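Protein chains: 2
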Amino acid sequence: MKNRKLLMIPGPVEFTPEVLAAMGLPTTSHVAPNFIEVFGQALERLREVFLFPGSQPFVVAGSGTLAMDMAAANLIEPGDRALVVSTGYFGDRFAAILERYGAQVTVVQPPAVGDAPPPEAVAAALRQGPYKLMTVTHVDTSTAVIADVPTLAGLGQEHGALVVVDGVCSVGGEELHPPEWGVDVVLTASQKALGVPPGLAILLAGPRAMEAFRRRKTPVQNYYADWANWLPIMEAYEARKAAYFGTPPVNLIWALNVSLGQILEEGLEARFARHRHLSDAFKAAMDAIGLSQVPVSRYRAAHTLTAPYYPEGIDARLLGLIGQAGAIVAGGLHPAIRDRYFRVGHMGAVAPSDILTTVGAIEWALARSGYRFDVGAGLAAAGRVLAG
Amino acid sequence: MKNRKLLMIPGPVEFTPEVLAAMGLPTTSHVAPNFIEVFGQALERLREVFLFPGSQPFVVAGSGTLAMDMAAANLIEPGDRALVVSTGYFGDRFAAILERYGAQVTVVQPPAVGDAPPPEAVAAALRQGPYKLMTVTHVDTSTAVIADVPTLAGLGQEHGALVVVDGVCSVGGEELHPPEWGVDVVLTASQKALGVPPGLAILLAGPRAMEAFRRRKTPVQNYYADWANWLPIMEAYEARKAAYFGTPPVNLIWALNVSLGQILEEGLEARFARHRHLSDAFKAAMDAIGLSQVPVSRYRAAHTLTAPYYPEGIDARLLGLIGQAGAIVAGGLHPAIRDRYFRVGHMGAVAPSDILTTVGAIEWALARSGYRFDVGAGLAAAGRVLAG
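Heads up: the protein sequence lines correspond to chains A and B, in order.
Going by the working numbering, the first sequence opens with residue 12, and the numbers climb by one from there.
Going by the working numbering, the second sequence opens with residue 12, and the numbers climb by one from there.
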């Protein structure tokens with residue numbers, strides 16, 4: 012029997028064979044013509060995949076946290092006011108990062124874990140502005156809550172704030188239309204719905220954000236994250252010229268370009284629809300098994316991951332059993348409920364078979380744990396959605 | 012005929028098949044038991060490979076510049092004085108990074124490009140101290156100059172400065188004994204003599220450096236580089252426990268652990284000797300062909316790369332011809348002489364055959380360029396050293 016376990020955490024996820032093959036290619040020079048072409052093409056494709064024409068892409072070795080750090084370090088000057096719309100752990104982290112660069116931060120918290128701040132609360136906060144910048148976590152990986160970006164970004168723009176969307180758990184999986192929605196910066200990491208192993212911080216900045224950066228009066232407090240160091244490099248590679256600031260992670264960028272090509276081949280609309288479809292199937296299975304979810308309503312639930320609560324009497328030991336049954340899923344992350352729920356990522360190259368494997372593994376583990384339920388009901392529910 | 016070109020730039024370099032295979036493995040969870048073991052083992056092995064017992068390793072997604080940034084951001088508070096011993100472009104970059112965090116920086120420049128500041132000049136500067144921190148670039152990749160780290164670090168320690176060694180182009184290839192020489196921090200990047208594709212910033216901090224970090228009065232101005240975020244993560248993985256701050260670059264860390272295992276299997280002394288031997292062979296070939304080198308004397312020349320000047324009448328178009336002949340080498344980087352020289356990396360997994368291939372390609376290209384020399388003399392000189 013094959014015994015490799017399926018990786019169903021909210022990043023890193025399962026990657027395509029073509030992406031993994033690119034990772035393992037002999038590394039070429041970061042200024043070799045074939046790599047310059049690959050990097051340049053990847054930058055162009057990012058604008059297409061992010062649906063963000065006219066934006067300036069940055070691709071830098073780092074984690075998603077570096078992408079958040081880049082947005083804060085380059086756009087905040089000491090004393091600037093910033094508004095954070097929090098839907099979980101990563102909203103709170105953005106507040107901490109902004110404060111590090113001297114921002115006066117106001118956080119709009121949700122009424123409860125699993126909920127999002129209502130637009131009226133955000134509008135009320137914005138009226139207490141002006142704020143230079145507002146952040147929205149599109150999908151908070153800690154709660155699986157999806158924010159209403161079009162409404163919130165529209166409000167932010169209306170009140171003159173730069174709108175920064177943390178798309179770490181959304182870009183490439185959830186619908187996002189930056190210019191149409193009034194978004195100025197979208198950032199993400201490679202290992203989520205973009206389908207590339209971890210190690211790349213990716214950020215696209217629109218014209219208003221670049222203009223705010225150019226108007227800075229104080230130096231960026233973070234050397235490595237400073238756009239002034241990276242902008243000439245990104246422009247050079249896109250113009251198919253060699254340039255050097257820091258050595259780019261050649262293999263990861265090669266893999267990124269392969270994945271971006273696959274995403275464009277699938278088509279963004281088809282990709283968003285696939286994520287919704289597979290998410291619906293998985294969530295239907297959790298409902299049928301009787302597991303409730305962290306997001307307070309289906310309307311607040313992301314399509315890139317699901318965060319089910321453990322049933323009464325079951326704890327994190329369930330994860331080990333799910334692993335034994337062939338699927339690796341993740342534990343809780345939000346401090347308020349960490350030990351009461353788990354997280355399943357279904358994004359990137361995820362296929363119907365992955366959903367069935369994971370639901371089957373969860374059913375097997377729950378049955379082993381003494382939870383009483385209609386075994387098979389989850390698989391049946393998922394199957395009905397998948398066939399629908 | 013095989014037509015893959017040999018990568019002989021000063022990083023990224025040629026990697027072993029085992030390292031590349033690890034890069035292409037299906038990515039596992041960053042908190043899966045098998046990855047925790049790999050990351051934990053890599054951290055332990057780093058202490059052995061750096062010959063730096065008692066130090067705290069940090070491995071973070073980023074480039075070598077991030078490793079420099081980490082040292083500066085965590086050890087400098089606004090107003091601190093720092094001394095930079097510069098042997099080229101990367102010494103000057105360290106000065107810029109230190110200034111970003113508020114340091115009052117004094118740079119000791121070499122008497123000429125290709126030389127290093129004499130110890131007396133460094134001692135005189137130190138007497139104008141006290142300095143909180145002193146940096147030495149072990150091998151400056153822009154000039155191929157190797158610094159006299161034991162003497163300089165001893166002086167720094169004697170005057171009470173924390174000694175930070177930029178080992179980006181040295182660690183794993185050049186002899187370095189941090190505790191014995193009085194070095195407090197050693198930093199590097201993955202893609203040089205450690206033999207792993209680019210994308211990892213690696214830094215080992217000794218007890219005096221960690222103590223200085225703990226005594227800080229002001230917050231670290233850089234969120235992503237802040238050791239306070241990473242220290243609990245590194246400690247957890249080494250204790251074989253899961254922890255999360257930013258998603259680690261799983262494939263790169265897996266590859267790092269493979270390469271560290273290969274380095275320890277070869278043995279550090281044997282590895283240093285191999286680097287010296289192959290460097291001697293390559294440099295003997297350049298002498299025989301009649302190309303002078305940027306370092307002003309053999310005593311100042313690194314063993315991980317060679318920086319030959321173009322002969323009279325030859326320019327950077329030579330590099331394209333060398334590439335046609337099968338070896339990719341790098342152009343100049345130091346602003347004062349950029350168009351007058353080129354750079355050849357010979358580190359990591361480099362073998363005698365790579366030296367011969369590269370010398371052969373350079374001879375072929377020089378002959379094509381109309382340079383008059385005793386064709387074959389370089390290969391003969393290299394062969395004599397290799398056989399010696």
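Quick caveat, the hints were computed from the structure, so don't treat them as lab data.
One or more of the hints may lead you astray.
Identical copies carry no separate label here, and so any pair may be met within one copy or between two of them.
[Claimed, not checked] Quick list of in silico lysine to any residue cross-link-like pairs, SDA-like style, CA-CA up to 20 Å:
#1 K228 - E110
#2 K252 - A284
#3 K228 - D159
#4 K252 - E276
#5 K16 - D91
#6 K228 - P89
#7 K13 - L31
#8 K13 - P130
#9 K16 - P37
#10 K143 - I244
#11 K252 - R349
#12 K228 - I348
#13 K228 - G113
#14 K13 - P37
#15 K252 - F283
#16 K16 - A362
#17 K16 - N45
#18 K16 - A250
#19 K13 - R309
#20 K252 - D298
#21 K252 - D385
#22 K228 - A132
#23 K16 - Q335
#24 K13 - A123
#25 K252 - A398
Fair warning: this is a prediction, and the values are worked out from it, not measured in the lab.
Evaluation of the provided hints:
Taking the shortest Cα distances, K228 and E110 sit within 20 Å of each other both inside one copy (18 Å) and across copies (17 Å). Proximity of K252 and A284 under a CA criterion of 20 Å is satisfied in neither setting, with 37 Å inside one chain copy and 38 Å between copies. In the homo-oligomer, the alpha carbons of K228 and D159 never lie at most 20 Å apart, since the shortest distance is 33 Å inside one protomer and 41 Å across protomers. In this homomeric assembly, K252 and E276 never come within 20 Å of each other (Cα to Cα): the closest approach is 27 Å inside a single copy and 40 Å across copies.
Taking identical chains as interchangeable, the C-alpha atoms of K16 and D91 are never at most 20 Å apart, the minima being 47 Å within one chain and 51 Å between chains. Taking the shortest alpha-carbon separations for K228 and P89, both the intra-copy value of 10 Å and the inter-copy value of 19 Å come in at or below 20 Å. Proximity of K13 and L31 under a CA criterion of 20 Å is satisfied intra-copy only: 19 Å inside one chain copy versus 24 Å between copies. For a Cα distance limit of 20 Å, the shortest separation of K13 from P130 qualifies neither inside one copy, at 49 Å, nor across copies, at 62 Å.
In this homomeric assembly, K16 and P37 come within 20 Å of each other (Cα to Cα) only across copies, at 10 Å, whereas the closest approach inside a single copy is 27 Å. For the homomeric pair K143 and I244, neither the shortest alpha-carbon distance inside one copy (27 Å) nor that between copies (33 Å) is at most 20 Å. When the C-alpha separation of K252 and R349 is checked against a cutoff of 20 Å, the pair qualifies only between copies, where the shortest distance is 17 Å, while the shortest distance within a copy is 48 Å. Taking the shortest alpha-carbon separations for K228 and I348, neither the intra-copy value of 42 Å nor the inter-copy value of 34 Å comes in at or below 20 Å.
Taking the shortest Cα distances, K228 and G113 sit within 20 Å of each other both inside one copy (14 Å) and across copies (16 Å). In this homomeric assembly, K13 and P37 come within 20 Å of each other (Cα to Cα) only across copies, at 14 Å, whereas the closest approach inside a single copy is 28 Å. When the C-alpha separation of K252 and F283 is checked against a cutoff of 20 Å, the pair qualifies neither within a copy, at 34 Å, nor between copies, at 36 Å. When the C-alpha separation of K16 and A362 is checked against a cutoff of 20 Å, the pair qualifies only within one copy, where the shortest distance is 15 Å, while the shortest distance between copies is 38 Å.
Taking CA atoms no more than 20 Å apart as the test, K16 paired with N45 passes between copies only; the shortest distance there is 12 Å, against 35 Å inside one copy. Proximity of K16 to A250 under the C-alpha cut-off of 20 Å is found in neither arrangement, the shortest distances being 42 Å within a copy and 24 Å between copies. Taking the closest pair of Cα atoms, K13 and R309 never come within 20 Å of each other, the shortest separation being 36 Å inside a single copy and 57 Å across copies. Taking the shortest Cα distances, K252 and D298 never come within 20 Å of each other, neither inside one copy (53 Å) nor across copies (33 Å).
For the identical chains of this complex, K252 and D385 are neighbours neither inside a copy (61 Å) nor across copies (36 Å), given an alpha-carbon limit of 20 Å. Taking CA atoms no more than 20 Å apart as the test, K228 paired with A132 passes in neither setting, with 32 Å inside one copy and 37 Å between copies. Taking the shortest Cα distances, K16 and Q335 sit within 20 Å of each other inside one copy (8 Å), while across copies they are farther apart (45 Å). In this homomeric assembly, K13 and A123 never come within 20 Å of each other (Cα to Cα): the closest approach is 43 Å inside a single copy and 63 Å across copies.
Taking identical chains as interchangeable, the C-alpha atoms of K252 and A398 are never at most 20 Å apart, the minima being 49 Å within one chain and 41 Å between chains.
When held up to the earlier numbered hints, the structure conflicts with 2, 3, 4, 5, 8, 10, 12, 15, 18, 19, 20, 21, 22, 24 and 25 and fits the remainder.
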